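Number of protein chains: 4
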Amino acid sequence: MGTQRTDPTVSEARALDFQRVRAASLALVAGLSEADAQVQSMPDASPAKWHLAHTTWFFETVVLEAVEAAFVPHHPAYRVLFNSYYHGIGEQHARAQRGLVTRPGLADVLDYRRAVDARVRAWLSAAPTTETLSLLELGLQHEQQHQELILTDLLHLLSCNPLLPAYRPPAAAPPRDTVPLRWLEFDGGLIQIGHAGQGFAFDNEAPRHRQWLAPFALANRLVSQGEWAEFVADGGYLDPRWWLSAGWDWVQAQGIEHPLYWRPDCSSDWQVFGLRGVAPLDPQAPVAHLCLYEADAYARWLGARTGLSLRLPTEAEWEHAVAGDAPAHLAAGAFVESETLQALAPLPADGLLQAMGTLWQWTSSAYAPYPGFKPWKGVVAEYNGKFMANQYVLRGGSVASPRSHLRASYRNFFPADARWQFSGLRLAMDRD
Amino acid sequence: MGTQRTDPTVSEARALDFQRVRAASLALVAGLSEADAQVQSMPDASPAKWHLAHTTWFFETVVLEAVEAAFVPHHPAYRVLFNSYYHGIGEQHARAQRGLVTRPGLADVLDYRRAVDARVRAWLSAAPTTETLSLLELGLQHEQQHQELILTDLLHLLSCNPLLPAYRPPAAAPPRDTVPLRWLEFDGGLIQIGHAGQGFAFDNEAPRHRQWLAPFALANRLVSQGEWAEFVADGGYLDPRWWLSAGWDWVQAQGIEHPLYWRPDCSSDWQVFGLRGVAPLDPQAPVAHLCLYEADAYARWLGARTGLSLRLPTEAEWEHAVAGDAPAHLAAGAFVESETLQALAPLPADGLLQAMGTLWQWTSSAYAPYPGFKPWKGVVAEYNGKFMANQYVLRGGSVASPRSHLRASYRNFFPADARWQFSGLRLAMDRD
Amino acid sequence: MGTQRTDPTVSEARALDFQRVRAASLALVAGLSEADAQVQSMPDASPAKWHLAHTTWFFETVVLEAVEAAFVPHHPAYRVLFNSYYHGIGEQHARAQRGLVTRPGLADVLDYRRAVDARVRAWLSAAPTTETLSLLELGLQHEQQHQELILTDLLHLLSCNPLLPAYRPPAAAPPRDTVPLRWLEFDGGLIQIGHAGQGFAFDNEAPRHRQWLAPFALANRLVSQGEWAEFVADGGYLDPRWWLSAGWDWVQAQGIEHPLYWRPDCSSDWQVFGLRGVAPLDPQAPVAHLCLYEADAYARWLGARTGLSLRLPTEAEWEHAVAGDAPAHLAAGAFVESETLQALAPLPADGLLQAMGTLWQWTSSAYAPYPGFKPWKGVVAEYNGKFMANQYVLRGGSVASPRSHLRASYRNFFPADARWQFSGLRLAMDRD
Amino acid sequence: MGTQRTDPTVSEARALDFQRVRAASLALVAGLSEADAQVQSMPDASPAKWHLAHTTWFFETVVLEAVEAAFVPHHPAYRVLFNSYYHGIGEQHARAQRGLVTRPGLADVLDYRRAVDARVRAWLSAAPTTETLSLLELGLQHEQQHQELILTDLLHLLSCNPLLPAYRPPAAAPPRDTVPLRWLEFDGGLIQIGHAGQGFAFDNEAPRHRQWLAPFALANRLVSQGEWAEFVADGGYLDPRWWLSAGWDWVQAQGIEHPLYWRPDCSSDWQVFGLRGVAPLDPQAPVAHLCLYEADAYARWLGARTGLSLRLPTEAEWEHAVAGDAPAHLAAGAFVESETLQALAPLPADGLLQAMGTLWQWTSSAYAPYPGFKPWKGVVAEYNGKFMANQYVLRGGSVASPRSHLRASYRNFFPADARWQFSGLRLAMDRD
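So the sequence lines, in the order shown, correspond to chains U, D, B and A. End of the first sequence sits at 561 in the numbering used here; the numbers just go up one at a time, nothing left out. End of the second sequence sits at 561 in the numbering used here; the numbers just go up one at a time, nothing left out. End of the third sequence sits at 561 in the numbering used here; the numbers just go up one at a time, nothing left out. End of the fourth sequence sits at 561 in the numbering used here; the numbers just go up one at a time, nothing left out.
By construction, these hints were calculated from the structure, which means they are not laboratory data. Small disclaimer: the values here were computed from a predicted structure and weren't measured. What you were told as hints is all true, and nothing was included just to trick you.
Just some of the chain D residues that point at chain A, by a computed CB distance under 10 Å:
1. S170
2. A206
3. Q226
4. L229
Pairs of lysine to aspartate or glutamate, DMTMM-like flavour, derived with a Cα cap of 25 Å:
5. B:K503 x A:D363
6. B:K503 x B:D332
7. A:K503 x B:D363
8. U:K506 x D:D559
9. B:K506 x A:D559
10. U:K506 x D:D561
11. U:K503 x D:D368
12. B:K506 x A:D378
13. D:K506 x D:D332
14. A:K506 x B:D368
15. A:K503 x B:D316
16. A:K503 x B:D561
17. B:K503 x A:D368
18. U:K503 x D:D561
19. A:K506 x A:E194
20. U:K503 x D:D559
21. U:K503 x D:D316
22. D:K503 x U:D368
23. U:K503 x U:E260
24. D:K503 x U:D561
25. B:K506 x B:D332
26. A:K506 x A:E266
27. A:K506 x B:D559
28. U:K503 x D:E314
29. D:K506 x U:D561
30. A:K503 x B:D368
31. D:K506 x D:E220
32. B:K503 x B:E266
33. D:K506 x U:D363
34. D:K506 x U:D368
35. B:K503 x A:D316
36. A:K503 x B:E314
37. D:K503 x U:D378
Glycine included, C-beta positions come from ideal geometry on N, C-alpha and C.
Sequences and hints are given; from them, build the entire structure.
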């Protein structure tokens, strides 16, 4: 069945998707200098130019090499140079040295994109099989993941510049009323999570499976910058009681005193750096760029203040709470298409706010295979499964994620000390 | 209720327990030189002398300080010097520098033990309350944990000596028939795990709670040294396909080629170092001192060879499989009282072999709070909860664990790269 | 005397010098992409863009700020951003993070250069004092130092690219006859070294002072690539006998097996990377990019083979041997103006060959103040003196040095493990 | 001539020397626990037990192996285990892991000493040759070097203990009048330094050779603790102006605020830790345990305050000033035989005070071979020469040095950041 020819209308639709996704990557780097696109600000981040090349490499190596009878690589060195982590494909250029490769230059990489695009389009116009179309789909989803990384990595790079240049011009956040924190209650029971429908999903979202959940409650919105400033002012970063032991070691070793992109101004108020430059702290807007240790510490601190058993949600609780209403949450969410480029305060409303989009939400769930998990076959077997250790799951997407890339079952994952993602915090609570 | 006076027969029984547990620690260091007891071979390990002092400090600080009206510390500096990680109690001497404190000497520490023992006995003879007796119980359980660490840390120290001295004299392993690997099947369903009975349990074992398990199978015995030697011979440590990404980084960075205490001999057979010195690899005996990355890689390697979905068990699967028969497994298990000091081959039998004792068994479960987890109150709130990040659960106990210390619900935990524990591997499998 | 007005013909000559030196920097970056000029390949190296900006900052901060009555900085942030190491001037942007500053971009830096150039020229046309002209002279010498660093740092950057791109097009080395190694003898005695004439010299070259030299001999030419290949083939990098203890630690820790830019080709011959790309080893050409440890080890190895007391020259021996004929050596030397960009084999001739230009020559002399050394006054007091620890003196200049920048008394200095400079080796010997 | 038999009275005298030196080592460890003798507090230091074993290994390997016809090693593993750095002899146990070897224990090492002593005495009683006697002499000098290291390494170990235990009982420093700082002037000229007499000297002290010295002055005494406290109080450790660049990097990276063994007490006065425990700062006593960076910074700071060109002496200046009166300086010096174990204030007197003994005096001279230097032949070729990089010369000996071990030509050497030696500071000055 996988090898049957595709209906031409399907492959035409896929060609439109391809054009749209590829163009979206270019739009993100519009206005950047060659230098902006070149530099790697830390080993965990990659240059924008590398993202542009690597996503192209993925189409070339995973799709074209599988479908072109007389496949010839665009450039023989690129197979290694732009391989991220696929041992099954071969050697990889050292991750921490991606920023040292000034040649091929940005123009060469754009040429590379155009050449591969043309070959993909040629193949798409020639009745591809269902099976190979699924590789194209994977390539598009892959590129959308890197679109978010282009933004997170650029923000980190610009934050290393003492002049704090803005990626895009400032935009005043619209004034919004305070949305009080309220608790939404869920009964739990024997529920199901995981992807089961027709559309695309990553291997790590399957199989759909049962989990037993005790009754729980979720906060109606994300924790705000103003609330976080109280935690800082109360000495939250100075008191080991609130921190996981590994988190406290991290705070001490790194000298952490506030969220990654916060900066004290001369009158000891906070300034917050973002893709639209530096602006005063917005008390209603959600606090962003937290790591798991910070999110967890805040829950413990506020729990001690309020006498509630506050904690992070599990990923099953989160998915159970969101999945029922996923289309509405997706439609309402602030994704990259909104062009806010920063997490804004919620509009007052009932129910679960900021459920999808705005900021990734840390869960307390270690990133692990679902019961019965099977990695994909072939070179993409390495896509997700091998990272299932020492990472934590984040859910929901952010202002840097493409809306069409997200689902309620989507599992993002980062180490407990990662702060440069668009990551925030929704509180959860036991009910009993 | 907690403050009622205890029945004298209860406190007499507790006094006997106290004497027995305290004596067991001393028996472990019998025959060691002052130098053996002094040295810290790596930051993760502690000197035997420190273990002897710290367990005493625990009784002094957690019990005596709570029950003696006119509490006076044995030595004012010990409160900091022998505090391991309790911020609630105050400052701690730096962990990595425990081995630099040559004074107090071993004799001083033994005096400290005798003095605190006398004070504890005096208190026990004076009708303690139920509540304070529970602190004594915790002190005893705590000391039993450190008894295992005395052995693991000594083994590591001796392994750093090129002369490879033995902790105890060699003892020939009894010849045993090969026990074939067989699969024991479990139906899963909505089961319960966690501690619920009358006896002692750590806070991290509660509350007992429901979990849904898909059908699964467990291997009847641990993976053997002979089987592991095949993995090594097949290039298991050289092939990234078998390894988690973080595990492969670890293999490469550390240059890992075999389990921690294996050494090639001159004819390229393996020698294995243990508490009874160096001996040739015993093909039937279980392979020990694995880290999670190694255990996980082996499962993936053997799965690829056999076409089975091999993996580590989850802690819920493990507990579900063992808990029903826990008294028999405890009785049959090889614990420290067996004085084997090394994991021996199983005796042929039906059912789950080596379920408890022999070696701790890695699970795929990240160490996390159970739903509804509440840390203990007071200074012991830091006992377990704050370590619930970036660690994995091990189950079952080992030849270095006191039998009276173990339970089916017992959760041990170490980072994914920890190898110096008595840790082995039982394979699990999906059934479908 | 320092404050008298300068003769207009002098300041016109200085204006020509200024234009020439500033233009030479721009010529070095002609043809580079913005990315090439942006990246910092290691903490010891700096981006070409930074060199262009920092040398401009030097004129702005050291000259214009001293001479302009209504000095206004070109950009207020540049004072910190482009300060290299002058604590007396104020804060400095962290050295290892120079490559992260993508804005100001290359065009902004070129604007900065033009603006400062115009202000310097305006001041020069208005009868500057002798004293301030000496600051201009220092700025020019300073810029010439950075011209060499632009080349060394670019070569390092390009060497980190697996495609090994060339800075400038390849140029075949002219065929040259082998020049046999011969020994030139010197009697020593109570000689003098150090700068004493009218022209510019750095503070570290003064005062001219007496030294007693025992009789010695110098090799007539630098050690060649072919000779070095024999050292490698003889296991020179594998035998601790030849190495200083710190050098052997370095060899072991870094896994050093050959000079920095040598690469084995598929037939196990050597390829050598340089500013003109990769080419086969040229046996007659001098071996370059050595560190002191390598140079010293070679002398000991060849000494053991030949029975001679071979060693590096001291800086006094070197200067004594060269200074008498300095004008001829300067005129004959291969400097950056030769545009070879790589060290070529010597032309057969008598006397001291490759004395100046070609490659910097390691001496055995630790970089230390001359007897009676006085640092300059003011902000430039930090120019040289504070680096007089844990570095070694190199003499003579290289194919990357401007000819007008060199003197016989010139003291260059780098740590014993620095390899990315254009540094080679001339052997010396005791006579007795 | 080297192989002629020795006059029996000579070898009897040597046997007495041997007994005396070997006993002196044991006297230093008298009263230490096995733990005290076992622990290695940092990679640069060694356990006392190791010093006792290594010095014995030196006699066994360098002397007995050369003179015993049927040499059999005391223990086959010791050849590697107690080899410090002699590649010519073979493999070495890793330096940083010396403290992990708890077996052989202290009693085994003392047995080793007794067994080797007996064999050395047997050989001495059998008419050794002059040549082999010179190896014995080297062994004795070597052991005396390690005697000083036993004390420096023990002091460091005890300083890592928060209880600050004393090596030997406290002894009140005798009250002494202040000795004003005075300058002793020297004319310099063409002088000679280096060893030339009959007695023992290390290879690095030869050959005696000429040097030209400009006129200079030396301070009559060492810098005192009280003077150093002024430097601290004036922000000396906070101001980059006083520091070599590498020194400032070290101050910043290590967070250095005062000399190694100084500790603020509760009233912000200084306490100083030493081999006799903690005591209040003694303003007249010389400041000890400085590194070169600190010594150099103090000279620059005081120079700026006084307008004098203050600096460290060169080793040639030091030797020229001391050598003429060496017997008197040796006789007057406080060496280990004085049993003060700490540097005391000088007694008022004319001339150069504290010239030898008291504290090693940093010089500005990088440790380098003298002109015409030849390392010894054979296995002891590695003794000194290979360390001639990145170290600085100290002169004069200390309260931890045996008097019979010192000479005016003696060159000690340590890296610029080494602080755990008994090292102090005598100021020097240019005269002009």
